[in-house]
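Novice: If you want the building blocks of each chain, they are given just below.
Number of protein chains: 2
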Amino acid sequence: MIDFKLLSQSGTARAGVFGTVHGKIETPVFMPVGTQATVKAVSPEELKAGGAQIILGNTYHLYLRPGCDIIGRFAGLHRFMNWDRPILTDSGGFQVFSLARLRKLTEEGYAFQSHIDGSRHMLSPEKSIEVQICLNSDIIMCLDQCLAHPATHEQAEAALALTTRWAQRCKAFWQERTDRQNSLFGIVQGGMFADLRARSAEAIAAIGFPGYAIGGLSVGEPKALMMDMAARTLPLLPDDRPRYVMGVGTPEDLVELVDLGADMFDCVMPTRNARNGQLFTERGTVNICNARFREDEGPVDAACDCYTCRHYSLAYLRHLYTAREILAYRLNTIHNLHYYLNLVNGMRAAILAGTFDRFKKAFYSKRNE
Amino acid sequence: MIDFKLLSQSGTARAGVFGTVHGKIETPVFMPVGTQATVKAVSPEELKAGGAQIILGNTYHLYLRPGCDIIGRFAGLHRFMNWDRPILTDSGGFQVFSLARLRKLTEEGYAFQSHIDGSRHMLSPEKSIEVQICLNSDIIMCLDQCLAHPATHEQAEAALALTTRWAQRCKAFWQERTDRQNSLFGIVQGGMFADLRARSAEAIAAIGFPGYAIGGLSVGEPKALMMDMAARTLPLLPDDRPRYVMGVGTPEDLVELVDLGADMFDCVMPTRNARNGQLFTERGTVNICNARFREDEGPVDAACDCYTCRHYSLAYLRHLYTAREILAYRLNTIHNLHYYLNLVNGMRAAILAGTFDRFKKAFYSKRNE
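Those protein sequences? They're chains S and R, same order as listed.
Residue 287 in the working numbering sits at position 287 of the first sequence, and the numbers go up by one each step.
Residue 346 in the working numbering sits at position 346 of the second sequence, and the numbers go up by one each step.
Excised from the complex, chain S in its bound form:
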């Protein structure tokens, strides 16, 4: 599917559209993270009301619990979780690396123990694709080797070489096992080394995928270094395919990366920060626990038209959060997702109107007021 159409460019910022079995996706696009077959604290209807076009599922989590035998009975994740729009799943590699007890990394794949029950598993490129096919993901990600930061040039070089060999295996397995209606994305690695990023981009593009992602960013490196790596890598990716920057980032990151030509993003920040009482607004983030909101009858953001801002005051949200009421997490999450989705929509509209520069200036000037 995919068939990416570039509709407009404003400098290097791009607005486009592509197709999936579960509907089209207008880019740039932000994907809320639904780790365990639910975007934490919100319903599918609330995601749609907020404008979510596509969500991300975590293969590692879903493989361990509830498992492919169960999700397979529902012919995939969509019916299981009551979400009929597109789904992208990651490969599981990052969670094996960050959550599981990694026992051994070999040419074959990751041998690991579950963080839930200690059970032993092997995540190979083929296994990752097989699980993602079972989840019936619209966009399947190649298994890549993640690196801790900082890594040496030698470590990063070895990881990118393995990632490239795994990408070939992923593509071969995907071609053999599917009708290619569900798309497979290649992932560029290379650590924090510009020469390796370039070599990885070239190698992954040479294999050829319906879309491309940049992995291994936002792993603890300084912000300027992350942006430098993205700025050097994005132009090396084929411009007729969607470009996805994985696991990033803050609102500022999204604005900068869209400006650099990125099309797709996912990040736990809006949902996780909501559960920690941090709310995003045009003028920066606010902490709902702050005593100055105690009697505030106004909404989080008077300019916001999300469900939370239309119906609830800062004083009420502060009360719910202080009292640890379940509704607090939901109302905060609805607001933060709306902020992110609205921000990306605003960028898209500005690119289409040829006014992205003005949009970006206004974005920063509001935050610095």
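Simulated from the structure, these hints should not be mistaken for laboratory data.
Check the hints yourself; a few may be wrong.
If several chains are the same, the list does not tell them apart, and a pair holds so long as it fits within one copy or across any two.
Distance condition first, Cα-Cα at most 25 Å in a straight line; then the derived SDA-like pairs of lysine to any residue [stated by the list, open to error]:
| id | residue 1 | residue 2 |
| --- | --- | --- |
| 1 | 48 | 325 |
| 2 | 40 | 315 |
| 3 | 48 | 297 |
| 4 | 127 | 115 |
| 5 | 360 | 208 |
| 6 | 48 | 293 |
Given the coordinates of chain S, assemble chain R onto it according to the supplied hints.
Specialist: Relative to the frame of chain S, chain R by itself:
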């Protein structure tokens, strides 16, 4: 307001209707409990979709947090929590008795320390009514003296005498401070002694209130004793006013108490049990953790038309609950509240149709299948 109209009787079971500033209430009615200005895990829209006509707020909790100064700025609880239908609040006495550190009980009232921060407070009959007026409750409850079970006849007699004197003070304060658009209910006490229940009912009815409640049941006594007390007390309450059995109960309790002529109920059971993974169905309760639901593609109850049953499987609900996802508590709560509200609606329809006996038989036969 109130102006209770008895529409139909089926034996001693009653169907009626009465008015409040925020709309009419059709009885029998079940009131979901919204302790801290939210019915745990659900939104006002979900309560309405489930058919909730009125909810209960807890004066003790709301007085301590967020406090009357804040809720007063919103002219009461309705706007603060985005609920425009009727609200009943309890007096706060039961929570002082069960949650707070009770320092002293005198003729004046309860001297207690907050369970949140240890701060010292005095809950007198006048203070309770004042707080409930500030909350702008549609139905205000008199402050009563709660008793631990078991209590001696002497203790119960003293408590009922104090409850009667407090009821007079509550009524005087309510008459002085309000235009009586918000109604005040008297509460019958008397422990587990039929003679004291009768004496209390007579004394409270003699004072005269827009509605009457039976308090001090379901406090740890055997079920048969609770039902015996209710059966003896309900006929002694004026039959031209709504009769409210406080803090009760199981589905069976509701069916039995409606049969005995009760009109109003509140209980945390549907909401609390939902958060503990217990789901109500016509055929009894199920524990969502049960391994037999692991692969079950069917809904909790095929006959149920709640949001949860229309969109989600047992396997998905079990997965969410096992993974401790926030959505689990919400979907379970939506189902359980729907079960309770639907049960009471079904009883009302049967009373109006003159078929309550048949309804009751069918209720038990399904549960014993």
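Novice: Please list, smallest to largest, the hint numbers that this structure does not respect.
Specialist: As far as the earlier hints go, 5, 6 are violated by this structure, in ascending order.
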